Structures are given as structure tokens and as C-alpha cells.
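Engineer: Take these sequences, add in the hints, and give me the full structure.
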Amino acid sequence: MDRRHILVALVQDRPGVLNRIASMLRRRNFNIESIAVGHIEQPGLSRMTIVVEGDDASVEQVRKQLDKVIEVIRIADITGESPVAREMAMVKVKATPSTRSEIIQIVDIFRANIVDVAPDSLILVVTGTSDKVDTLIELLRGFGIREMSRTGTIALPRGGPGPLTIEENKPLRRVVEQATPEEENLPDW
Amino acid sequence: MIKTGAEILCECLIKEGVEVIFGYPGGVLLPLYDTIPRYPQLRHILVRHEQGAAHAADAYSRVTGKLGVCLATSGPGATNLVTGIANAYLDSVPLLAITGQVPTHFIGKDAFQEIDITGITVPITKYSQLVLDVNDLAKAVREAAYVAQVGRPGPVLLDIPRDVFQGITEFSYPEKVDLPGFKPKLFGHPTQVKKAADLVNSAERPVIIAGRGINISRAFPELKELAENAQIPVVTTFLGIGCFPESHVLSYGWLGMHGMGYANKAVHNADLLIAVGMRFDDRATGGVSTFAPLARVVHIDIDAAEIGKNISVDVPIVGDLKNVLQVLNKQVDRREHGAWLSQLDEWRSLHPAMEIRHHEDILPQYIIRQIHEATKGDTIIVTGVGQAQMWAAQYFYYDRPNSFVSSGGLGTMGFELPGAIGAKVGCPQETVWCIAGDGGFQMTVQELATMVQEDLDINIAVFNNGWLGMVRQWQELFYNKRYFGTQLYNPDFVKIAEAYGIKGVKVSKKIDVRPAIHKAMEHKGPFLIEFIVEPEENVYPFVPPGKTIAEFLELPNPAASLKK
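Chains as they are written, first to last, in this note's numbering: chain A, 1 to 189; chain B, 1 to 564.
Source of the hints: derived by calculation from the structure; they are not laboratory data. Since the model is a prediction, treat every value here as computed from it, not as a measurement. Among the hints, erroneous ones may be present.
Below, in silico cross-link-like pairs of lysine-lysine (PhoX-like), each with a Cα-Cα straight-line distance of 20 Å or less [what the hints assert, rightly or not]: (1) B:Lys195 with B:Lys322; (2) B:Lys322 with B:Lys224; (3) B:Lys376 with B:Lys194; (4) A:Lys64 with B:Lys519; (5) B:Lys376 with B:Lys519; (6) B:Lys224 with A:Lys68; (7) B:Lys506 with B:Lys519; (8) B:Lys509 with B:Lys519; (9) B:Lys3 with B:Lys224; (10) B:Lys3 with B:Lys194; (11) A:Lys68 with B:Lys3; (12) B:Lys183 with A:Lys64.
Structural biologist: Here's what the structure looks like:
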């Protein structure tokens with residue numbers, strides 16, 4: 001049963017990391033809907049949000065293969081926890097004096113913002129779930145979309161510390177030496 | 001101490017326990033090649049093609065268990081390593097590939113002999129780094145050596161620009177490795193191990209499938225204990241050959257496309273598979289949808305991504321085999337499986353995979369058997385890829401681990417010669433036999449010069465049948481003998497050997513086979529035997545692609561018809 005999965009990963013900010021991750025996804029033919037990556041509060045680290053479509057078994061394979069990348073520190077599939085997921089889109093839609101007011105009404109309903117007005121078009125910015133953004137874009141198609149850009153989804157799990165939370169006062173850097181059974185992190189399964 | 005980058009690299013390699021580097025110089029490596037001679041602890045072996053360096057380092061690592069190191073210059077030197085790196089990647093061999101790179105101010109400008117080798121090798125390396133600052137060099141080498149060897153081994157690439165070799169800095173060797181994203185799980189989850197033990201204790205028809213992971217983890221005694229304690233038959237994968245002595249009463253050969261019929265039948269009819277250090281490669285499983293239909297699967301591997309990748313698993317255990325098996329063995333009861341083992345023995349007699357039919361001319365299988373008799377199995381066999389490789393795996397009894405060195409995952413023709421060099425350098429006291437097909441031999445023939453320059457006593461058996469054998473076999477079986485692109489015009493291999501200063505003989509009569517083998521082994525120094533073998537011989541058993549492994553094709557079997 002195919003469905004949308006949201007994977008979030010904590011990665012080291014080293015040259016070529018994005019390349020290695022993208023290369024792995026490409027060569028195993030995974031169906032990627034979006035990838036968003038950006039810095040986080042800790043220097044030297046980035047957070048990646050990957051939206052991938054597939055059945056649970058294939059997505060678990062994606063997750064495990066990405067976990068093998070040395071620069072990937074942690075990666076989790078947070079789909080099951082109904083995460084808070086948002087994306088942003090900027091749309092330049094054709095707008096004539098006769099259509100402009102109708103567009104503005106739609107913009108209000110979707111709580112989007114108009115950031116630029118030109119004689120025959122306007123640019124609006126909308127934030128929301130992917131479904132909301134999809135719906136707005138469908139509605140705007142009728143007016144004629146000149147140009148459009150979407151960021152892809154970013155997501156955080158609800159509630160307390162999630163799988164990628166970096167505890168305060170706990171160094172993220174783990175110095176690796178010979179591990180004993182007691183000290184060693186047991187695998188998840 | 002203030003040192004140059006080149007000195008730092010040498011010092012770090014020595015600290016990592018490296019003793020041998022297989023390399024080929026070039027422009028950007030000149031500063032390094034001026035430094036290596038000052039470190040007598042590092043033996044540099046000059047090859048004749050960088051692919052040879054990579055394969056030699058690979059084989060060296062397989063037989064010694066140490067890190068293999070190969071060195072190539074920028075541009076074409078680096079790209080010539082690619083096949084060898086991919087080979088190490090697919091067979092999980094710890095390899096450190098060091099490539100020179102153009103000076104930092106030239107990078108990205110399409111300079112002379114500049115190539116983005118780090119980008120090219122992303123899919124075939126575990127980890128790679130372009131070291132742009134001499135201050136990062138020691139840390140990079142430490143990390144690279146660590147990552148290559150820990151967890152599931154694999155190749156790592158270090159790309160070092162010439163001005164970094166020439167740069168100077170204060171050298172301090174980093175004692176600890178700081179890689180927060182690299183945390184191999186070494187100990188299996190106790191609950192999972194308990195579940196596995198329960199399954200083992202209640203199984204009626206269990207089979208252990210042992211792969212190369214047993215060699216990597218050195219879990220030989222633990223495997224033996226498990227098999228002997230619970231009386232479980234052991235089948236190996238192709239790359240696992242030798243991890244369990246093939247002369248042991250519980251050894252039932254190896255499974256897969258050209259594996260023993262009785263091994264395939266055992267796996268197909270098992271009710272429990274204990275898969276240790278293997279990855280259910282398509283050559284081993286045949287058609288996945290019909291693989292082992294009656295069996296539950298316990299899969300123990302250090303790489304979590306391999307578990308559940310091809311086959312659904314009932315009890316997954318992530319961990320180092322030695323550790324996991326030690327814990328598992330404590331929970332496994334002493335048992336007997338007399339009926340099941342008798343069944344396997346019956347299948348073994350019905351499908352005697354190691355019979356050699358009587359034939360006037362030289363059968364390649366006959367040569368392999370003669371080599372076994374002459375060496376009493378006490379040798380390292382390094383093969384190329386193709387029919388000769390399969391016969392070498394089938395008709396020889398491998399009792400010692402790492403005595404069978406072969407390219408499994410990538411199936412690289414041309415592995416044989418440089419592989420034999422690596423094996424001999426790694427184990428100079430061992431007899432080394434190189435089993436070469438006439439096709440593969442010509443792919444890396446230039447390494448004969450390396451053999452002579454390093455005075456390596458290697459016995460080379462070239463199987464000359466004038467064909468690209470394995471491909472011809474498929475053309476015969478599936479393309480109605482439409483042979484195209486498989487007939488090989490071959491040179492006089494003995495003359496080629498002699499041109500390199502290597503003694504050689506050509507053998508075309510069966511009666512000359514054994515004396516030639518003995519002559520090769522008595523001779524001090526490399527020796528080549530060209531065997532003229534039966535041209536259109538096929539490898540059996542054979543599981544056609546996509547079929548169940550129990551549906552193997554085999555030659556008509558006189559023993560079975562007699563029994564009936």
C-alpha cells in the first residue's frame with residue numbers, strides 16, 4: 001500500500017553530503033516527492049526532510065540505506081506520529097483588472113499573502129500543508145500561472161523530544177572507541 | 001613535529017598498521033613518491049595498471065584481514081581504480097584508495113589530469129574525502145582507515161591535492177575518531193537472540209547459510225559450535241566458501257546458481273534458515289518469490305539495511321557475528337537431526353555435484369581436481385570470473401577460511417592475476433594458484449611484470465578453450481547457440497609468459513596435466529601452465545535466472561540411474 005512518508009534526518013554539514021544522499025536515492029530508484037534541507041541550531045549540522053512515496057517496506061529500506069551514509073547522524077520516519085508538516089509556495093499568477101479581485105478573495109480564504117503586484121500579474125506566498133498548497137495552486141491554474149516555486153515539506157513530530165532532538169548539555173559528538181555491551185546503544189530491534 | 005603532508009600520510013598509514021601499498025605514480029604524486037622511500041616500514045609494490053593495484057590490495061585484504069591500500073595519481077590513474085573499488089564495495093572488502101589530485105587552485109578548472117574522482121566514486125565507496133588542507137590530513141586518514149574496517153567493511157577514498165602533500169604543519173596523530181553518524185551495532189538485541197534460539201531449538205529441518213560475514217568477523221569457532229552442538233547442516237554462499245571446512249561431516253557445499261544441487265534442495269526444503277553474514281544475493285536465492293517457501297528465516301548481519309532487503313525475515317538480528325553467535329550458542333540446546341541429515345545425504349548421492357565424467361581430452365574440472373590432489377587442499381586459490389571460476393569453486397575442497405579468493409558481487413574478469421599477487425604478498429608462505437580463463441587473463445596480463453619484479457612464486461593455470469566461456473554457455477542454452485562476440489583469438493600464452501621472463505608449458509594431453517602441476521609447484525618463482533581444454537564445456541548444476549534454486553539443470557547422472 002503506497003502512501004506518503006516523511007523522513008527527517010540530522011546530517012553533518014560536510015562537502016558532498018547532499019550528493020551522497022541524492023546519489024543513493026537515485027540509484028535505488030526511490031520515488032522522491034521533495035527534499036528540503038537547512039541549518040539548525042547547532043553549528044555544523046543540517047536537518048533534511050525527505051518526502052517519499054511508497055509502501056512501508058520500501059520506505060524502511062530507504063531509511064536504512066540513508067542511515068548507512070556516514071554523515072547521516074540520525075534518521076527517522078515520523079509519518080506515523082502525525083507530524084506537523086508545512087510547506088511554502090510562491091506563485092506568480094496572471095491578474096487582469098477584471099480577475100484581480102477574485103484572486104484576492106481566494107488569497108484571503110487561504111490566508112496567503114500578496115507580496116508583489118504588477119499590471120498583469122501578482123505574486124502570492126502561501127504556507128500550509130501540502131494538500132492546502134495543492135488545492136490553492138489548482139484553483140489558481142484557472143487564471144493562468146506564470147511561474148511557481150515550492151519549497152517542499154518540512155516537518156516536526158508533535159509533543160516532547162523527538163528522534164532528532166539534541167539534548168542540551170549533552171554533546172552530540174560521540175567519540176567512538178571499543179564499545180562494551182553495557183555502554184553500547186542497543187539497536188532498535 | 002613539523003612535517004609535510006606526504007610525511008604525515010606515511011606516518012598515519014604506519015600507525016594504522018599498513019605494511020604494503022600497491023601503487024602507480026604520476027605527476028601529482030611526485031612529492032609523495034619522494035617521501036615513501038624514507039619509510040622502510042612501508043613496502044610499495046609497483047603494478048602495471050591501477051586496476052591491478054586495486055585488485056591486489058583487495059585480495060591482500062581478503063587473505064590477511066588487514067586494510068588493503070592502493071595508490072593512484074590524478075585523472076586517468078584515479079579512474080583506472082574505479083573497477084577495483086566497485087569490486088571491493090560489492091564484496092565488502094576494507095580498502096583504502098588514495099588518489100593524488102591537482103593542486104587546490106586548479107580544482108574545478110578542468111586542469112590537466114584533473115577528474116572529480118570523489119564524485120565518480122560516491123556510489124561505490126563507504127566514505128570519501130577530498131582533503132583540501134594539510135591540517136585536516138591526519139584526521140582524514142584516521143577516519144578513512146577506521147570507516148573502511150569497522151562495521152561492514154568497504155572501500156574508502158582519499159583524494160589529496162599535490163599542494164597538500166607539499167604543505168607543512170604540526171603533526172599530531174588523532175587517537176580517537178569523531179564520527180557521530182557512524183555507530184555500527186556490534187551486539188545483537190538480547191530479545192531477538194532469544195527468539196532466534198527458540199526457533200533453532202524447535203526446528204525440524206534447519207539449515208545454516210554462512211556467508212563472507214563469517215570470514216570478516218572471524219566467527220569460525222562460533223559457527224562450528226552452533227553447527228555441531230545442534231547438528232545443523234551448513235551450506236555456504238559462494239563467497240562464504242571455506243568459512244566452514246568442506247570436509248566436515250555437516251558441510252553440504254554451497255548454494256546458488258551454480259551451487260550444489262543438494263545444497264539448493266536443502267535450503268528449498270528447510271523449515272528454518274539461519275542466515276549468517278550473507279545478503280541473499282540473487283545468485284544465491286534464484287527466484288525470490290519461490291525461495292525457501294517452507295522456511296522461517298533468522299538473519300544475522302552487521303548491516304541492518306541488508307536485513308529485509310531481498311527476503312522477508314522472521315527474526316532479524318543486527319550485530320557482529322562473533323558476538324551474536326557467542327550469545328546464541330549459550331541458548332541453543334544439544335539436538336540431533338538424524339532424519340533430516342539422512343535426507344540431505346540421500347540428495348547428495350542423487351546429485352553428486354563433483355563427479356567428473358570420463359573424457360579423452362582435458363576437462364577443466366579435471367585440472368581443478370588435480371590441483372587439489374597435488375596441493376592436498378593446502379593452497380590459496382585465486383580465480384577470475386566465468387566458467388573457470390565456477391569449476392574452481394565446485395571441484396576443490398576448501399577447508400581453510402580465505403583460501404578461496406574470488407570476485408563475487410561485481411564478477412570482475414581480470415581479477416585473477418593482480419588478485420594472486422595480492423594474495424601472495426599477504427601470505428608469502430602459502431602456495432598460491434591463479435585460476436585464469438583465457439579471456440580474463442588478457443584483461444590484466446600486464447601484471448605478469450609485477451609478479452616478476454617482486455619475484456612472487458605464483459602458479460598460473462590458464463584455461464584456454466578459445467571462448468568467452470560463461471557467455472558462450474548462455475548463448476548455447478538460451479540463444480540457440482547463436483555465438484556472437486564470444487569466440488576469442490588467443491595468443492600463445494606460454495610465449496607471452498616467456499617474454500616476461502616467466503617459465504611456461506603448454507599442456508594439451510590429459511596425461512601431461514599432473515606432471516605440469518607438479519613442475520609448477522616445484523619451480524621457484526612464477527610459473528604458467530596453458531591448458532588446452534575441451535572447448536564447449538558447460539558449468540552444471542545451473543539454475544536458470546528467475547527459477548527456484550531447487551529447479552537446477554544438471555548433466556544426466558549415472559549414479560542416480562543405477563540406484564533406481
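Engineer: Next, verify each hint and record whether it holds.
Structural biologist: Here's how the hints hold up against the structure:
no. : hint                   : result
1   : B:Lys195 with B:Lys322 : holds (18 Å)
2   : B:Lys322 with B:Lys224 : holds (12 Å)
3   : B:Lys376 with B:Lys194 : violated (41 Å)
4   : A:Lys64 with B:Lys519  : violated (53 Å)
5   : B:Lys376 with B:Lys519 : holds (16 Å)
6   : B:Lys224 with A:Lys68  : violated (30 Å)
7   : B:Lys506 with B:Lys519 : holds (12 Å)
8   : B:Lys509 with B:Lys519 : holds (16 Å)
9   : B:Lys3 with B:Lys224   : violated (49 Å)
10  : B:Lys3 with B:Lys194   : violated (53 Å)
11  : A:Lys68 with B:Lys3    : violated (35 Å)
12  : B:Lys183 with A:Lys64  : holds (13 Å)
The structure is inconsistent with the numbered hints 3, 4, 6, 9, 10, 11, although it conforms to all the rest.
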